[in-house]
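Take a look at the letters that make up each chain.
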Amino acid sequence: GENVEQHPSTLSVQEGDSAVIKCTYSDSASNYFPWYKQELGKGPQLIIDIRSNVGEKKDQRIAVTLNKTAKHFSLHITETQPEDSAVYFCAPNNAGNMLTFGGGTRLMVKP
Amino acid sequence: GAGVSQSPSNKVTEKGKDVELRCDPISGHTALYWYRQSLGQGLEFLIYFQGNSAPDKSGLPSDRFSAERTGGSVSTLTIQRTQQEDSAVYLCASSLEWREETQYFGPGTRLLVL
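Same order as they appear, the protein sequences are chains Y and U. Positions 1 to 111 (my numbering) are the ones given, in order, by the first sequence. Positions 112 to 225 (my numbering) are the ones given, in order, by the second sequence.
Some clues are possibly wrong.
As the list claims (entries may be wrong) - Below, computed lysine-lysine pairings styled on BS3-like, alpha-carbon distance capped at 30 Å:
hint : chain 1 : residue 1 : chain 2 : residue 2
1    : Y       : 71        : Y       : 57
2    : U       : 122       : Y       : 42
3    : Y       : 42        : U       : 128
4    : U       : 126       : Y       : 42
5    : Y       : 58        : Y       : 22
6    : Y       : 110       : Y       : 37
As the list claims (entries may be wrong) - One-sided excerpt, in silico: chain U residues whose CB lies under 7 Å from chain Y:
hint : residue
7    : 127
8    : 129
9    : 153
10   : 154
11   : 172
12   : 199
13   : 213
14   : 216
15   : 223
Rather than coming from a laboratory, the hints here were simulated on the basis of the structure. Note that this is a predicted model, so its numbers are computed, not measured. Cβ atoms here follow ideal geometry from the backbone N, Cα and C, with glycine treated the same way.
Pulled out of the complex, with its shape left as it was, chain Y reads as follows (with noise of 0.2 Å):
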């Protein structure tokens, strides 16, 4: 099955600041790379995907990149706020049927 690894664990960045999550996967059949947010109490929330035929993808202050030579994608968030202040999932997958997420990045923006 599908090895996900998200890098870093934690991630605390000042208000304003950009923030970068990396996630690494071992199928190479891959071809959807989604992210979550998930707040306290909350289930997890689509914000960001992108396919394998794309290299990049934005939306606002959010973007994702995507190596697949290399097989790791990136979330990046620019101009942080509180509000962003969430647990952050990768779950990158080839079938649609179940998702495989990595362990979680928990991003803290102090104002």
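Since chain Y is already given, all that's left is putting chain U on it; use the hints.
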């Protein structure tokens, strides 16, 4: 429209008792998934349904766990003879179709086994 709902939101039970967790997917979503999230950990896949059938039950941790889905909508996850290690948040997600990658999650049921 309404999202995925789960009930109860919290459940405290005694070791050895059975519990039933319920998931109401988004209307019209044919695929439904159950995950388990232990405290401070990532999400562990348990089982998914395509319509009413569950092609892959290999993610269920033990034979004390079972799940069913009737009418292509509501699903229940049953844990028999609960153990303390079953304490976790149980999350349900649904998607429009099987192989539709975007999954929409419910708020979860927090289970505590004393």
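To see whether the hints hold, each was checked on the structure:
| no. | hint | in the structure |
| --- | --- | --- |
| 1 | Y:71 with Y:57 | holds, 17 Å |
| 2 | U:122 with Y:42 | holds, 16 Å |
| 3 | Y:42 with U:128 | holds, 26 Å |
| 4 | U:126 with Y:42 | holds, 26 Å |
| 5 | Y:58 with Y:22 | holds, 16 Å |
| 6 | Y:110 with Y:37 | holds, 18 Å |
| 7 | 127 | violated, 28 Å |
| 8 | 129 | violated, 24 Å |
| 9 | 153 | holds, 5 Å |
| 10 | 154 | holds, 4 Å |
| 11 | 172 | violated, 15 Å |
| 12 | 199 | violated, 13 Å |
| 13 | 213 | holds, 6 Å |
| 14 | 216 | holds, 3 Å |
| 15 | 223 | violated, 14 Å |
Of the numbered hints stated above, those contradicted by the structure are hints 7, 8, 11, 12 and 15, listed in ascending order.
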